[in-house]
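Student: Sequence:
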Amino acid sequence: MWVKLCCLLLYFLALFVLARVFEAVAWYESGFLATQLVDPVALSFRKLRTILECRGLGHSGLPEKKDVRELVEKSGDLMEGELYSALKEEEASESVSSTNFSGEMHFYELVEDTKDGIWLVQVIANDRSPLVGKVHWEKMVKKVSRFGIRTGTFNCSSDPRYCRRRGWLKSTLIMSVPQTSTSKGKVMLKEYSGRKIEVEHIFKWITAHAASRIKTIYNSEHLKEEWNKSDQYRVKIYLFANLDQPPAFFSALSVKFTGRVEFIFVNVENWDNKSYMAEIGVYKTPSYILRTPEGIYRYGNNTGEFISLRAMDSFLRSLQPEVNDLFVLSLVLVNLMAWMDLFITQGATIKRFVVLISTLGTYNSLLIISWLPVLGFLQLPYLDSFYEYSLKLFRYSNTTTLASWVRADWMFYSSHPALFLSTYLGHGLLIDYFEKKRRRNNNTDEVNANNLEWLSSLWDWYTSYLFHPIASFQHFPFDSDWDEDPDLFLERLAFPDLWLHPLIPTDYIKNLPMWRFKCLGVHSDEEMLETFQDSESDSDSENKEVFSSEKEVLEDDDLNTFHSRSGGEPLCGAETCSCANKYCHHEPYEWKARSYGSSSSAGDMEPDWSAWPSEMLHGTECVVCLENFANGCLLMGLPCGHVFHQNCIVMWLAGGRHCCPVCRWASYKKKQPYTHPQPLSSDAPS
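All letters in the sequence shown, in the order written, are residues -19 to -1, 1 to 667 by mature numbering (1 follows the signal peptide of the UniProt record, and there is no 0).
Derived from the structure by calculation, the hints contain no laboratory data.
Since this is a predicted model, take the numbers as computed values, not measurements.
Some hints here could point you the wrong way.
[As the list claims (entries may be wrong)] Lysine-lysine pairs mimicking BS3-like chemistry, simulated, CA-CA at most 30 angstroms apart:
id, residue 1, residue 2
1, LYS55, LYS177
2, LYS185, LYS265
3, LYS123, LYS47
4, LYS47, LYS120
5, LYS55, LYS115
6, LYS171, LYS120
7, LYS265, LYS210
8, LYS265, LYS28
9, LYS123, LYS210
[Unchecked claim] Distance windows between CB atoms, simulated:
id, residue 1, residue 2, range
10, THR381, PHE401, 32 to 42 angstroms
11, ALA(-6), THR330, 19 to 29 angstroms
12, LEU(-11), SER403, 14 to 24 angstroms
From the three backbone atoms N, C-alpha and C, an ideal C-beta is built for every residue, glycine too.
Please model the complete structure; the sequences and the hints are all you need to start from.
Tutor: The structure is reproduced here in structure tokens:
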């Protein structure tokens, strides 16, 4: 997970750098930046009208360019970034969807139960034509949708009883606005009573009702009283402007942030004394002033702070977020991080998507589970102080210049989703390239695996959980039921493929007996101890390398680990066992046992057989490497009793050959104890 998190952070850093590159290129080609102010005098009448429509100011009674320009100046400073966004939005010919209500419950669920939005619904009475024609209605939908106002059509023919109860006997327009200034308050429905059925007149009616919810200040005394008042709102935003009513985007935001941010409109049109405005730090109009417990912030001075609905909505969400905003943000980040698995995972294509689906399910489940206690804790009354400190931290961090850059980049990439997806894909392909190169340097075989091989291994892994026991769950030592009940052996033969191809873990190798080969009277105890410690550390490091390269495998029902036994057994010689591994089909090696008095690896010295486990066969040669045992070397024995160099037999077993190189007895299955034959008197160790 940490690897995917680092990859995601690198991706965000690349997006940040790429946005700065785009700004530099735009400045080089056009000579201006997005934060540079635009003189409205230099703009055409069409561009000025586009700016007013984006800000939500009516201009139907202003035929002259001078009047339109003055209205733009009164509503706020114009930046190059806002002008570019407004022109791009006007050129986009995307059709905006409108809801068709099916009945009373559908209307109640979407309109009357929605407490933080504005709805405009056209009601069509029975056997009547709509109040607004199709062409004008489409223009109306497109005009109001840019301010977050949702639209719909209710045909009374689908539910005439509800229309009669509401009194909708003729076609009309209905507007729903939250009635109170508290979050999740009541909703009131207002009916359009105007005579002119035109888009501009209907839009003025909508903006007038939305602006009526905003507190308006007309004199300095009222401003002083409001500025020094402390109430439930911790965050307030003031608009100081010489306008008849606030812009439509300002009114729409007041509905959207009901209960979180208080919107106040200060009309300075007829003010003679503006001294108190200078006292509180307002020296020019129009000005958007954000007042928080931490201080005053002037909106519009940093990058991306445009006079538009989208820019101010992003700004206020970062300062005063809801729990739902944080959940959506965490959901997006977690899924972006999970999709990194598609590029980090190497091997077959099907394997990548299977791992991706598994990761998406796991991460989203953990996210939802982790959010449940958080939501429960936030409901506790004694956590109000923690909540306030968290919001204070948000306000401090999101009023910095770096936060304004991040918001500007978010608006840029969200308006260009193709660029966002292409950069994410490119970043993922780079991760895939470096990960594939790293694994090839480590000689990992899964890089070149195809789909059929991986599906075959996946089926083996699945069936192993159904039919094979897991060795790590088995307690060592244990007794096999096959020794007592041969019927289990016959039942196992009913699955020949599983019998011939078991999946066996290597956990049992840790439980195999190990000891040092010693000769009588060769070294002192201190030298032997030093040699033992040195070779033990070397052997442990080699074992770790062998175990780390082993693939995931499962153990068969009849393949069990073994334990140290007492007693002995005669030499098993070249006995062939029923090994379940596919590598164990060769002819058995001959066990080259030496007599006790024969030549040994330590010259003519006799081995110290007392250091050997009682169940191990005596010998002085490893049949894997065909070398004699040297004094002080580390040995390992198998359940059948044969002894080998520890490194040699570990490499043999880790390679998938889970049987004895000599007799082919399964290396994970115990064997009946045996007794050593009594040595001759001439061969007895001295």
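Student: Next step is simple, just say for each hint if it's right about the structure.
Tutor: Results for each hint:
1. LYS55 to LYS177: holds, 28 angstroms
2. LYS185 to LYS265: Holds: LYS185 and LYS265 sit about 27 angstroms apart, inside 30 angstroms.
3. LYS123 to LYS47: Given pair LYS123, LYS47 holds - Cα atoms ~27 angstroms apart, limit 30 angstroms.
4. LYS47 to LYS120: Status holds; Cα separation ~26 angstroms.
5. LYS55 to LYS115: violated, 34 angstroms
6. LYS171 to LYS120: holds, 21 angstroms
7. LYS265 to LYS210: Since the Cα atoms of LYS265 and LYS210 sit roughly 23 angstroms apart, the hinted pair holds (cutoff 30 angstroms).
8. LYS265 to LYS28: holds, 25 angstroms
9. LYS123 to LYS210: violated, 40 angstroms
10. THR381 to PHE401: 32 to 42 angstroms: violated, 24 angstroms
11. ALA(-6) to THR330: 19 to 29 angstroms: holds, 26 angstroms
12. LEU(-11) to SER403: 14 to 24 angstroms: holds, 19 angstroms
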